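J.: The primary structure of each chain is shown beneath.
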Amino acid sequence: MVLAGLWDIKQSSIFNVASPQADKIGAVGNGFLVAATGMFLLVAVLTVYICRRYRARAGGPEPAQTSGNRKLEIMMVGVPLLMVTFFFFWSLKTMSAVLPPRPANRTPDVIITGHQYWWQADYPANRISTANEIHLPVGRKLLVALRAADVIHDWWVPALGAKMDMIPGTENYLWITITRPGTYLGGCSEFCGQEHAWMRIRVIAQEPKDYEQWLVSQAAIDKLPADSLTTKGAGLFMHASCSSCHSIRGTAAVGTDGPDLSHFAGRRTMLTGIQKVSKQNIYLWLLDPQKVKPGAHMPKFIFGRDSLLALTAYLSSLK
Amino acid sequence: MMKLVVGTEAMFFLSLIVAFIYFSLSPAFRNLQQSTLDIKTTGMFSVLLFSSSFTFWRADANCRKGRINRLKFWLLFTIILGIIFLVGQAKEYMKLLDEHVNLASSTFGTSFFTLTGFHGLHVVVGLIILTIVTCLAFLGDFDAGGSSVISTVGIYWHFVDIVWVFVFFVVYVVPHLM
Amino acid sequence: MSRLEHIRIPEPEKPLPGLTISSDQGLIQWLSSVDHKQIGIMYLWLSVLFILVGGIEILLVRIQLAVPNNHFLNPEVFNQLFTMHGTTMIFFVLAPAIFGFATYFVPLMIGANDMAFPRMNAFSFWCTLFGGLLLYFSYLAGGAPDAGWFNYAPLNQFSYSSSPGIDYYCSGLLLAGIGTVSASVNFIVTIFRLRVDGMGLKQMPVFVWMILINSFLILAAFPSLNAALVMLLLDRELHAHFFNPGNGGSALLWQHLFWLFGHPEVYILILPVFGIFSEVFPVFSRKPIFGYGFVVASGVAIALLAFGVWVHHMFATGLGNTVNNFFAASSLLIGVPTGVKIFNWLATMYGGSIRFSVAMLFAIAFLVEFTIGGLTGISFAIVPIDWQLTDTYYVVAHLHYVFIGGSLFGLISGIFYWYPKISGRMLSEKMGRWFFWLFVIGFNLTFLVQHALGAMGMPRRVYTYPDLPGWGILNMISSLGGGLMGIAVCLLVYMLFTSRKTGQIAGSDPWDANTLEWTTTSPPPLKNFNLVIPVRSTRPFRDWKRPDDTDWAREGVNNE
Ligand code: HEA
Ligand code: HEA
Ligand code: CUA
Ligand SMILES: [Cu+2]
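Residue numbers (the numbering used here), protein chains in the order written: chain A, 5 to 323; chain B, 177 to 354; chain C, 2 to 561.
Please keep in mind that the hints were generated in silico from the structure rather than gathered at the bench. Nothing here was measured: the structure is a model prediction, and the numbers come from that model. Be aware that one or more of the hints could be misleading.
Here chain B is said to cover these stretches of chain C; the calculated rule only asks that three of the stretch's residues, wherever they fall, bring their Cβ under 8 Å from a Cβ of chain B [what the hints assert, rightly or not]:
no., segment
1, 184 to 194
2, 223 to 231
3, 237 to 246
Derived coverage of chain B by chain C (criterion: at least 3 residues anywhere in the stretch with Cβ under 8 Å from a Cβ of chain C; other residues may be distant) [unchecked claim]:
no., segment
4, 177 to 185
5, 197 to 211
6, 274 to 283
Where a beta carbon is used, it is the ideal one built from N, C-alpha and C, also for glycine.
This is chain A alone, in the form it adopts within the complex:
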């Protein structure tokens, strides 16, 4: 039980290592933890010892008035200096392993753009764009470019190593090599406004063949609406200004202010992790976005129940 609990806790933490980058950082982290514990114990034990040994006694004599000792001072400077020098070089080594310079001619494998409050993921080699749930292949050293559309955001998935700011006006990058397939959680780590809390990240790491398959399915155009309700929904989507912010591949919707909704219903979660994708949740979201995610940049529309049902049906048909 306890062990299982611990394992759960590990999942979203920096101790769940799923990439050599995170592994190297973990190593220097653990090394420092040991050294720091030693240093802390030195101070703590000295403090406790001195307090017990030299407690004032009634009528005790005036203690010797020593006021300095050269040798001791040299040790106070020398020992910490050695310790930090050691870690400085370890840090150098780790940094060049985790974040080597970016070759000029290599296009990134994926470009992730932070928006208030969602993630856009573009795969330049395959010309596809998705949002919020980010699929990556296992076993390849990926170059991930990081951009921001409005304010500063920050990409952080503990299991995959370093975090990196996304700064408007510049492009940053990370190297990520994922070792095991699975779902990795993270979150935006630079305060970016009201809904900073709900900019959670889900990375879905897949075996290369699954990943290729996923790419193909994403590049495909969503099925045309099958029944009258979804058709109505599709029509509404194009006319009720949804299409000015959202895009759906193969339709006239090409907006870029909101997340790309192609194959939206194929995702597990919506709104960067607030809730699962389900008819009810979509309905509630469209009913009043500001109630579900206050501060999100999607206005409230005045729809009747029928229209909402139609839109919901359409969106959940986008598999």
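Starting from the known structure of chain A, arrange chains B and C with the ligands on it as the hints suggest.
T.: Coordinates of chains B and C with the ligands only, in the frame set by chain A:
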């Protein structure tokens, strides 16, 4: 005390100058900087400002020797030079505003007006102080001698000039060196 | 050696500014006072007021965070609360408390009767107060600032934060900044000009040294904040383009300017406190400070290094490994002089005769807690670790371990040590112990677990969080700890209030202390001194009390 004030002011200008340099690394900024600024006219006015440091130095020296009449003369001379400099700066501002370069037009406008504007503000403050001191001189406050007021004000006034040396170099000269 | 004569402080030719006010004028007397002691007391009460405000703000936050997916506060309010909490605690709690002790005790410790510029001293205080009021006026004007205490661009731009909060943030901090800078000028001149005859730089108490160093640090660091604030105001009010990338501005410029101020600022908030400890440890161990020269020199080293480390707040902004390495090295180095201080205080206690007064208890607790905070600081200076842990609750833990376990413990220690001098009455040692244990236990409950939360992936400044394994329980512990600290702080404030009238009478020298402030009455008269005892070492009062065992005689022998 004045030295401490001047020191902290220097750090303030350092930040503004650094911001200017930071933005000037972009080519668009450079182009605007080269095409809109007129180094010759401003250079002339700058020489006047620099010479006001000289005139102030004369005022200070005369004050120390107790030659109050000469002190008054050099103080007035300094004030006039300061005013001429401000007039020059005002004319340059007008010209730029006519060309639609302003605080909100581009990063060049933003950093140019902020940097030179804060310097101009310091010149204005300096002139106010100088005017007060001159009035005191005419009222006979320095007749007795032994006052350190003039040299204290001097620290400030020379500082304002020295800042302009840096500003002038960064804003007007550097683009011609590139 | 024969006992030296008192140094007579000449009667001033003009009346001291403080003396022109008679004491029967009540509130008016306080409002118009230019006496350093009254101004010091007002600074201290200002800080007490704001710790209550800042504390209530964060308690609301902790209630919101106690359980996952909570709806107690909406995100808008939450963001204003933590922003105001951080800004208040830094600029209107720690800073005024430090200035309060400094304006009160620097003149007393150097044997002077007032600050060099008493009117400017009052000006500094009122600037600080009105700066704080201006900041809080934002709540009435349509919303408090909501972009965090370091207020990153471009989130601080009008297009992303259109309430006037950030404009009040700028003007409030500018005003308070002017007060701070003028106070520093005042301290430097006071310390250089008004020391009593015989007190050379080497005889200055460490506290005075630290205030001196600190004042220079302020003069050098605050201008870059002021410049940044002015630029931001221009951006917001006049549509300038310093910080909005959409129009060619730069988001990183703000970070550089802010942290060029911000890092020195955190040392500004700890160095004077190191000074307080350097008074408390010797007094309650009955020994001179160990390695006086090293303690002072390490203060200077910290101040100098402080300007070379600001990028360590920006390791994750992609400035490149070369830049990062340089700043990593300087940040690691800064641990060394700090360590020197810690070990010197331990050595001061070693072989002493330790009295566990509440002031000393806080000093001892500080040694342990601050070491934790310092070591987590060093862990950030190792860049790869920072890449994992920056902007998580691990940072929140670090900053509270240094701010509370460091600065605040020091200030509280100072309160217990100096309250008798300021008020003439003792704070109850018994209730003080209750307060000590409540506060220290609450503090560790609140923040120790946050190290783990950070490592478990919880970013900071989130108004709520998903129910991931372990997050809920640790946050609950943290909130409970916060409540405990709240109770403790209330107890402290209660003690401060009531002991003024009911505390045990202190007498002029209740702790058998070493420095000049204890030679005058408690509270000191308006004119601090008529006679000052001769100063020939850092412990003039002890020399005076024990003429057969003086520091200067002993050191003289050592030097031969
Ligand atoms: C009083 C305030 C204070 C103090 C003293 C310190 C002290 C230190 N701080 Fe801290 N710091 C803050 C206040 C403070 N800090 C705040 C408020 C923030 C967050 C701001 C924000 O983002 O909101 C911050 C954030 C912060 C960061 C950025 C984290 C991030 O956002 O990613 C870093 C990175 O390097 C850092 C480093 C350090 C270091 C190296 C020290 C060193 O000075 C510590 C030195 C002390 C010791 C090391 C302990 C004693 C020494 C020994 C026992 C000797 C042996 C030790 C060794 C050999 C190592 N601090
Ligand atoms: C001096 C500095 C200082 C101090 C003392 C504190 C004190 C406390 N801090 Fe603070 N904190 C900061 C400086 C400080 N903090 C800074 C700089 C930040 C970063 C802000 C940012 O991200 O921008 C921060 C952020 C911060 C966060 C992170 C918020 C977030 O990222 O979302 C948290 C969360 O737990 C927290 C908790 C606490 C708690 C529980 C206390 C407790 O110790 C508080 C104890 C005091 C009280 C509880 C007051 C008691 C009063 C009463 C109970 C009311 C009585 C009423 C009357 C008499 C009228 N702080
Ligand atoms: Cu995006 Cu925080
Ligand atoms: Cu720092």
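J.: Are there at least three residues in the segment 197 to 211 of chain B whose beta carbon sits under 8 Å from a beta carbon of chain C?
T.: Answer holds; 5 residues pass the 8 Å Cβ test.
J.: Taking a Cβ-to-Cβ distance below 8 Å as contact, does the segment 274 to 283 of chain B have at least three residues touching chain C?
T.: holds (count 4)
J.: When I compare C-beta atoms, does the segment 237 to 246 of chain C have three or more residues closer than 8 Å to chain B?
T.: holds (count 5)
J.: Three or more residues of the segment 223 to 231 of chain C near chain B by CB distance under 8 Å?
T.: Contact hint for the segment 223 to 231 of chain C vs chain B: holds, 7 residues under 8 Å.
J.: Counting residues of the segment 184 to 194 of chain C that have a beta-carbon nearer than 8 Å to any beta-carbon of chain B, does the count reach 3?
T.: As far as the segment 184 to 194 of chain C goes, the hint holds, because 4 residues have Cβ atoms under 8 Å from chain B.
J.: Within the assertion that chain C covers the segment 177 to 185 of chain B, do at least three residues meet a Cβ-to-Cβ distance smaller than 8 Å?
T.: Per the Cβ count (6), the hint holds.
Of the numbered hints listed earlier, not one is contradicted by the structure.
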